[in-house]
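Read left to right, the sequence shown gives residues 1 to 510 (my numbering).
Please keep in mind that the hints were generated in silico from the structure rather than gathered at the bench.
A portion of the hints provided could be inaccurate.
[Said to hold, decoys possible] Below are the DSSO-like pairs computed for lysine-lysine, each with C-alpha atoms no more than 30 Å apart in a straight line:
| id | residue 1 | residue 2 |
| --- | --- | --- |
| 1 | K121 | K246 |
| 2 | K153 | K246 |
| 3 | K121 | K153 |
[Said to hold, decoys possible] Cβ pair distances, simulated, as ranges:
| id | residue 1 | residue 2 | range |
| --- | --- | --- | --- |
| 4 | G68 | S277 | 37 to 45 Å |
| 5 | V440 | G17 | 57 to 65 Å |
| 6 | L67 | S277 | 50 to 58 Å |
The beta carbon of each residue, even a glycine, is placed where N, CA and C say it ideally should be.
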Amino acid sequence: MTSRLDELTSWHADWTGLRVAVLGLSVTGFSAADTLTELGAEVLVLSESAAEEYARLVPVIGARLELGSLDEVPQTLRDFAPDVVLASPGFPPSHPVIRWTRETGVPLWGDVELAWRVRDKVVRADGTPAEWMLITGTNGKTTTTQLTAALLKAGGLRVAPCGNIGVPVLDAVRDPAGFDVLVVELSSHQLWYIGQSAPAGQLMPYSATCLNLADDHLVWHGGADAYREAKSFVYRHTRVACVYNKADAATRRMVEEADVIEGARAIGFDLGTPGPSDLGVVDGIVVDRAFHEDRRHSALELTTVAELSAAGLAAPHVVQNILAASALARSAGVTPEAIHDALQEFTLDAHRIQVVAEHAGITWVDDSKATNPHAAASSLRAHPGAVWVVGGDLKGVDLADLVADAGRIAGGAIVIGVDREPVLAAFRRHAPQIPVFEVVPGDTGEVMDRVVEIATGMVDGEGTVLLAPAAASFDQFSGYADRGERFARAVRAWIDRGSADDADGSPASR
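Starting from the given sequences, assemble the full structure and let the hints guide the process.
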C-alpha cells in the first residue's frame, strides 16, 4: 500500500477504494471526509461527538459515521483496516487511537498533507497550482496571515488565507475560483502532523515564517522540546524565503537547522536597524533591505511608525507582524508602494489589543486573544502601568517569569479563572509590590462585571485596564471571543450606568 500512497500526489490520481479513517468531525474533519469521498475513497469517520449538521451530511456525501468514545481503539476501526488514518489536529500524539495508528504502521496524515497532495485540483493560467506560504509562531499567526493576504492582494495576486485561521486548507484548494497564493496559518498541532508525512506528502512551500517561540501547548506535545520541533517543520523544504525573528534566537536556529531547497534565503526581521538581508526600523521608518538590488548600501521605505500609529498598528508586536508579512509579500514581488497603501487600510480583528472604550479617563483594552504568556507580555509592554486582567486555563504553563516582568510594568492585577491559586502564588512570590485582586466564582454578578467594578476602583484618575489573560478561556467562557465580548459588554454597562447617574444629577458610578 505504501507504493500506492506514493502515487497519490494529484487530484487526478486514482484514489478509488482507498480506505481512510477520519478522526474527528469538526470543520476540519468534515472537509477531509468531503474531499476524500469526492475523490472516490472509502471513508469511515469516527468522532466522540458531532454537530447535528455534520452528522446529517456525512452519509449524504457517501461516508460512514460512528459516534462514541475514543478512549480505546474502536473495534469498528480495527475491522475497517484503514490504508490511512487522517486525524483532525485536536488529537494529540498521546491519544490512544494515534498511538495505535503509529504502532501498527498505518500511515498517519493531517488535513494539510491531503490538501498538499491534491493542490492541483484548480490550477493557474500556466497550469501550475497555487503557491503556498506558511505562517506559524506562538503568537501573531492570525494577524500575520491576514496581513500577508492583504499585502499580496494589494500586489495584484489572487490570495486565500486559510488553515488554522478558520478556513480549512482543503476548502481553499477545492475553491473553483482558484488562487495564485494560499497563505496557510499552521498551529503546532498541524505542524506535528506535517512532521509525520511520508516523502510523497511533504510540503514544499514558496516562503515560510515562524514568528516567535514560547512555551505553549506543552501538555499536547509532551514538553517544550517536542513543541519546538513541531514548529520547526514550517521551514522544511522552503524554496524562496525563510523569514525569522532576529529577536528570537529559537527561530534563527530553526532556519539554520532546516532542510531547505537550495537557493532559499534566510530573511530576518526585528524592530532595530536591518542588515542587508533583513527588514527593520530606522528612525521611525519601516524598511526593507532584503529584497532590494542595492541592499548593501540603502533600503526601501515601506511605511512609517507614525502612519502605523494613526492606523492603530503601532504596538511593537504588531509592527513585528507587519515586518514578517512584508517580508513574505516582498518575496513574491509585491512592491513597497502596494504594501504601504495596503497597510493604510488594514484593521486588526476584534479581541486583539482592541480599544473597546475610553471613558472617564479610563481606556479599556481587549486582548482576549492573548491566550499564553508570550502574547500577554507583548500587551503589557505596549500598555505600561495598566491594570492587568489575567487568568484562566493555563494549559500547564508556569506564569512565574511573566508575573515577575509584570511587577515592573503593570499598575495592578485582577486574577480571574477557576484555577487562580498558581497565579496568585506567582504574584505573592514574584511581584508582592503591586495590588492584586481576585474574582471568585460565585461572587455577586458575572465575572466581567466584577472585573470592571474592581478595576474602576484601582484606576486613580486615569489609566488603562488591559484584558490579556495569558491563558485559555474554556474554564469560564466558550472561547476567547466570548471572554472579550463579555468584557466589552461589562464596560459598556458601566458607562451606561455612569451616564444615567449623570442625567439624574448624581455622581457617576466609579
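Hint check results:
For the proposed pair K121 and K246, the alpha carbon gap of about 38 Å is over 30 Å, so the pair is violated. Note on K153 and K246: the hinted pairing holds, with a Cα-Cα distance of about 27 Å set against a maximum of 30 Å. Distance restraint check for K121 and K153: the Cα-Cα separation of roughly 22 Å lies within the 30 Å cut-off, and the hinted pair is therefore satisfied. Against the hinted window of 37 to 45 Å, the Cβ-Cβ separation of G68 and S277 comes to about 54 Å, which falls outside the hint.
A C-beta distance of roughly 58 Å is found between V440 and G17, which places it inside the suggested range of 57 to 65 Å. Evaluation of the 50 to 58 Å hint for L67 and S277 yields a pass: the beta carbon distance comes to about 52 Å.
Violated hints, in rising order: 1 and 4; the structure is consistent with all others.
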